[in-house]
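Those sequence lines, one after another, are chains V and Z. Residues 70 to 385 (the working numbering) make up the first sequence, in order. Residues 8 to 123 (the working numbering) make up the second sequence, in order.
To be clear, the hints were calculated from the coordinates, so they are not data collected in a lab. For clarity, every value in this text was computed on a predicted model and none was experimentally measured. All C-beta atoms in this analysis are idealised placements derived from N, C-alpha and C, irrespective of residue type, glycine included. Misleading hints may appear alongside valid ones.
Claimed, not checked - Lysine-lysine pairs mimicking BS3-like chemistry, simulated, CA-CA at most 30 angstroms apart:
(1) V/Lys344 to Z/Lys82
(2) Z/Lys82 to Z/Lys50
(3) V/Lys261 to V/Lys344
(4) V/Lys348 to Z/Lys82
(5) V/Lys261 to V/Lys153
(6) Z/Lys50 to Z/Lys26
To be verified - To give a feel for the contact side, a few chain V residues facing chain Z, derived at Cβ under 10 angstroms:
(7) Phe73
(8) Glu74
(9) Leu77
(10) Arg259
(11) Tyr274
(12) Ile284
(13) Asp294
(14) Ala295
(15) Leu298
(16) Phe302
(17) Val304
(18) His333
(19) Ala334
(20) His340
(21) Lys344
(22) Ala345
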Amino acid sequence: MARFESLLDLCGDTPLVGLPRLSPSADVRIWAKLDDRNPTGSVKDRAAMYMVRAAEADGRLRPGATILEPTSGNTGIALAMVAKLQGYRLVCVMPENVSTERVQLLRMYGAEIIFSPAAGGSNQAVATAKQIAVEHPDWVMLYQYGNEANARAHYETTGPELLRDLPTITHFVAGLGTTGTLMGTGRYLREKNPDVQIIAAEPRYGELVYGLRNIDEGYVPELYDASVLSRRFSVGTRDAVLRTRQLVEVEGLFVGFSTGAVFHAALAAAHEAVKAGRKADVAFLVADAGWKYLSTGAYTGTLAEAESSLEGQLWA
Amino acid sequence: MAIDVRIPTILRSFTGGSKTVAGSGETLAELLSDLDSNYPGLKARLITPEGGLHRFVNIYVNDEDVRFLGSLDAKLNDGDTVTVLPAVAGGAFGMAAALALSRPPSPQPTAPALRG
């Protein structure tokens, strides 16, 4: 059945496709879970829908309420769509150095945007978000980094979908941002198969993004529980771009750069399995497609050019 | 045994501004002790008085997080690259949101700076 009552009912249940040309062997296969095939084009639709519904259920969100979300993009776009359909106003705080497509998309969906200056790095982002929260105490922040409904969305949907479509799954690889995808999916898969490997790939940004004053200002999302993970990789811009291009060149799969970073880690896990002579079914999550990043110019030119065009940008 | 170590901006005051330094050691603990002899004070920023990795420090050997490789006991080989990064998972915005949620008392109402 491919008929739905509304766009919200279309969320999740995304396809899992094999990558026969990039899989190392018949015994070690790599699979892509296409979460760009969600209503607003990213995995964040799952979390946005769960977080809004949870806030409605516990009375935090009432009709006409304003939702405030600091976001670098996809969560804002997902929330904007859900907010529109459910009757809320959305205000997004985002850094200036995100791609123009994201800004256009947010405005199209009706979100209001407050920019924090890119020049100030994370310190400025912190200051801006803090100031707005003080000025508008009635605005509701869903706070995806500590919202259990974010991880639960993946525990209840992404995880079961993966096991249903790939019962022989040995590895699950996804990006580490809020950590919601990995925590929720990882917990579900681990419960069903204690041997499954849960692998995180996090983007390693340029200096600007790490512009803290000292180590003690660091931050780990409340949702993060290291015991859910088997391994964790930091993937540099160059590797992320290389793999992003490889996916579209070899398999025709057009993804965003964070997915390139995730695929880089998936490929490493797959090749280790080959070396060890083990069978493996490695599934990785496609968080979004490449459309929103075309203006970066990083899909063409040399790798060095691509790397420098992404420098200082939040590409995940 | 030469191991390249990438130092984040906020810790370069310990390395005379150097972005990359070289060190040696069979394990991460040995490497950090070796580095500390050349760059005094660096180790104390990475390891707590109890002897564990600082909560807000991530260290990677060839891009893999050492917390999943035995932490300070992680084995090192000649030619490895070690990367030290401050923990800002979720990017700056996770932290921004977390701090914004801890709203200080007595807000001063001002006009919202919306550019919608």
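Structure-based check of each hint:
1. For a cut-off of 30 angstroms, the pair hint linking V/Lys344 to Z/Lys82 stands: about 20 angstroms separates their Cα positions.
2. Annotation: proposed proximity of Z/Lys82 to Z/Lys50 holds, straight-line Cα distance about 18 angstroms (limit 30 angstroms).
3. Between the alpha carbons of V/Lys261 and V/Lys344 the distance comes to roughly 26 angstroms, so the proposed pair stays at or under 30 angstroms and holds.
4. Between V/Lys348 and Z/Lys82 the alpha-carbon distance is near 27 angstroms, which keeps this suggested pair within the 30 angstroms criterion.
5. Between V/Lys261 and V/Lys153 the CA atoms are separated by roughly 37 angstroms; this puts the pair beyond 30 angstroms, and the hint is violated.
6. A threshold of 30 angstroms between alpha carbons decides the hint, and for Z/Lys50 with Z/Lys26 the separation of about 16 angstroms falls inside it, so the pair holds.
7. Given the 10 angstroms rule on beta carbons, the hint for V/Phe73 is violated: about 30 angstroms separates it from the nearest Cβ of chain Z.
8. Residue-level restraint check for V/Glu74 is violated (minimum Cβ-Cβ distance to chain Z is 30 angstroms; threshold 10 angstroms).
9. With its C-beta approaching chain Z no nearer than about 24 angstroms, V/Leu77 sits outside the 10 angstroms limit, and its interface hint is violated.
10. At its closest, the beta carbon of V/Arg259 sits 15 angstroms from a beta carbon of chain Z; the interface hint therefore is violated under the 10 angstroms criterion.
11. With its C-beta approaching chain Z no nearer than about 7 angstroms, V/Tyr274 sits inside the 10 angstroms limit, and its interface hint holds.
12. For V/Ile284, the shortest C-beta to C-beta distance to chain Z is roughly 5 angstroms, which falls under 10 angstroms, so the interface hint holds.
13. Look at V/Asp294: its Cβ only gets to about 12 angstroms from chain Z, farther than 10 angstroms, so that hint breaks.
14. This hint holds: V/Ala295 has a C-beta 6 angstroms from the nearest C-beta of chain Z, less than the 10 angstroms allowed.
15. A least Cβ separation of about 7 angstroms between V/Leu298 and chain Z falls short of the 10 angstroms threshold, and the interface hint therefore holds.
16. Taking 10 angstroms as the C-beta contact cut-off toward chain Z, the hint placing V/Phe302 at the interface holds, the least distance being around 5 angstroms.
17. Using the Cβ-Cβ criterion of 10 angstroms, the hint placing V/Val304 at the interface with chain Z is satisfied: the shortest such distance is roughly 7 angstroms.
18. Among the interface hints, the one on V/His333 holds; its C-beta lies about 9 angstroms from the nearest C-beta in chain Z, closer than the 10 angstroms criterion.
19. At its closest, the beta carbon of V/Ala334 sits 9 angstroms from a beta carbon of chain Z; the interface hint therefore holds under the 10 angstroms criterion.
20. With a least beta-carbon distance of about 14 angstroms to chain Z, the hint placing V/His340 at the interface is violated under the 10 angstroms criterion.
21. A distance limit of 10 angstroms between C-beta atoms decides the matter here; for V/Lys344 the minimum to chain Z is near 15 angstroms, and the interface restraint is violated.
22. The restraint placing V/Ala345 at the interface with chain Z is violated, with a minimum CB-CB distance near 16 angstroms, outside the 10 angstroms limit.
Hints 5, 7, 8, 9, 10, 13, 20, 21, 22 from the earlier list are contradicted by this structure; the remaining hints agree with it.
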